[in-house]
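Q: Sequence:
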Amino acid sequence: MAEELIQFIGVSELDVAEQTIVNELSTEYYQKIKRALKNLTSLAVHVKTHSKEGSKKKYTIKIRAIAPTSIFESKMAADWDIARTLHKAFKNIEHEIEHKLMVSSGGLKAHQK
0 MAEELIQFIG VSELDVAEQT IVNELSTEYY QKIKRALKNL TSLAVHVKTH
50 SKEGSKKKYT IKIRAIAPTS IFESKMAADW DIARTLHKAF KNIEHEIEHK
100 LMVSSGGLKA HQK
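Residue numbering for the sequence shown is 0 to 112, as defined by numbering that gives the first Met the number 0.
Quick caveat, the hints were computed from the structure, so don't treat them as lab data.
Incorrect hints may appear among the rest.
Mimicking SDA-like on lysine to any residue, the simulated pairs with C-alpha atoms at most 20 Å apart in a straight line are [said to hold, decoys possible]:
id, residue 1, residue 2
1, 47, 68
2, 55, 9
3, 56, 17
Using the sequences and the accompanying hints, generate a full structural model.
A: Next comes the structure, spelled out in structure tokens:
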């Protein structure tokens with residue numbers, strides 16, 4: 000289903016709990032982005048971990064949504080919590096899509112109400 004069209008980069012370096020969070024949130028947001036773009040070709044989620052301090056890791060996430068007519072890229076989101084970082088990156092890409100499509104069909108906000 001959605002997992003087939005989501006490309007994960009760097010996720011194999013995460014532990015199982017982190018991989019589950021990335022997979023679940025990506026699948027959830029994939030559906031929203033697919034509705035907004037109507038013709039989503041693929042979604043790439045690039046996760047990097049760095050700045051390890053003991054057991055803490057800092058995550059950097061960048062997302063790219065590819066449609067036949069456009070490529071949307073999120074700004075890089077960085078945080079110490081992987082779920083929060085994913086939410087930041089996906090909210091950013093939703094904003095990019097909404098801005099580029101100029102909300103001609105009510106945009107993402109209309110679908111969230």
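Q: Are the hints correct? Go through all of them and say.
A: Right, here's what the structure says about each hint:
no.: 1; hint: 47 x 68; in the structure: 28 Å, violated
no.: 2; hint: 55 x 9; in the structure: 17 Å, holds
no.: 3; hint: 56 x 17; in the structure: 11 Å, holds
In the structure shown, a violation is registered for the earlier hint numbered 1 alone.
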